[in-house]
Amino acid sequence: MSDQKKMAIIATKGTLDWAYPPLILATTAAALDYDVSIFWTFYGLQVVKKQRDLKISPLGNPAMPMPVPMPVLVQAIPGMEAMATVMMKDKMKKKGVASIDDLMELAIEAEIKMIACQMTVDLFDFKHEELLDELEYAGAAKFFEEAGEADITLYI
Amino acid sequence: MADKHLDAKGLNCPLPILKAKKALKDMQPGQILSIEATDPGSAKDFESFCAQTGNKMAKASENGDVFYYEIEKQ
Chain S
390 MSDQKKMAII ATKGTLDWAY PPLILATTAA ALDYDVSIFW TFYGLQVVKK QRDLKISPLG
450 NPAMPMPVPM PVLVQAIPGM EAMATVMMKD KMKKKGVASI DDLMELAIEA EIKMIACQMT
510 VDLFDFKHEE LLDELEYAGA AKFFEEAGEA DITLYI
Chain R
2 MADKHLDAKG LNCPLPILKA KKALKDMQPG QILSIEATDP GSAKDFESFC AQTGNKMAKA
62 SENGDVFYYE IEKQ
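As they're listed, the protein sequences go chains S and R. Under our numbering, the first residue of the first sequence is numbered 390, with each subsequent residue one higher. Under our numbering, the first residue of the second sequence is numbered 2, with each subsequent residue one higher.
Bound conformation, chain S alone:
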């Protein structure tokens, strides 16, 4: 056994806000000399698309801060999701928060192992060409190989 610390993450969510935790934690762990792997499954695959179009929705997200109080029915009006996404990206830029594109680039540079769930790829009719070239494709057993040796395992 090597004394290299390991972390394994399952990333299951595909909205802009939920794309952050796996990438922030993975890149930071890599900076702390962890050997890191991320298993992207279900909606998490949206984050590893080459052309990603991540959105944030105020709908069903009562904790999201809004500039003005907004009834749920107003939040359901077409265009509200796009507006919330633009506002959030703008705010992140102003506060010096990295973009998902930047974090993904840093993650790849840090040689974080990226595994995509082949079952979900089939389920959503994704093609490997649509997804990042750095991915390897596997199933749940591969995750256990990673997580079984990990010091930290997170389900996000």
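Chain S stretches covered by chain R per the calculated footprint, using a threshold of three residues with CB under 8 Å from any CB of chain R:
#1 403-417
#2 420-426
#3 481-492
The hints are simulated quantities; they were obtained by calculation from the structure and are not laboratory data. Keep in mind it's a predicted model, so treat the numbers as computed, not measured. Cβ atoms here follow ideal geometry from the backbone N, Cα and C, with glycine treated the same way.
We have chain S already, so just place chain R on it with the hints.
Chain R in isolation, oriented as in the chain S frame:
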């Protein structure tokens, strides 16, 4: 006198740490990396970073909104 300087002002978590890690990579043991940051979380973060990577926090100070660190690569 620092051997290398990292301006991490205006950057938020985890960017200052990631950039510091990158900067340290090309440095020799004993060399000093100085860092300026405005993220108030960076004080604890750089402390933890040093504790976990075995580098030494040689200096940490604060001047208004700017935090200043010197990390000695081990």
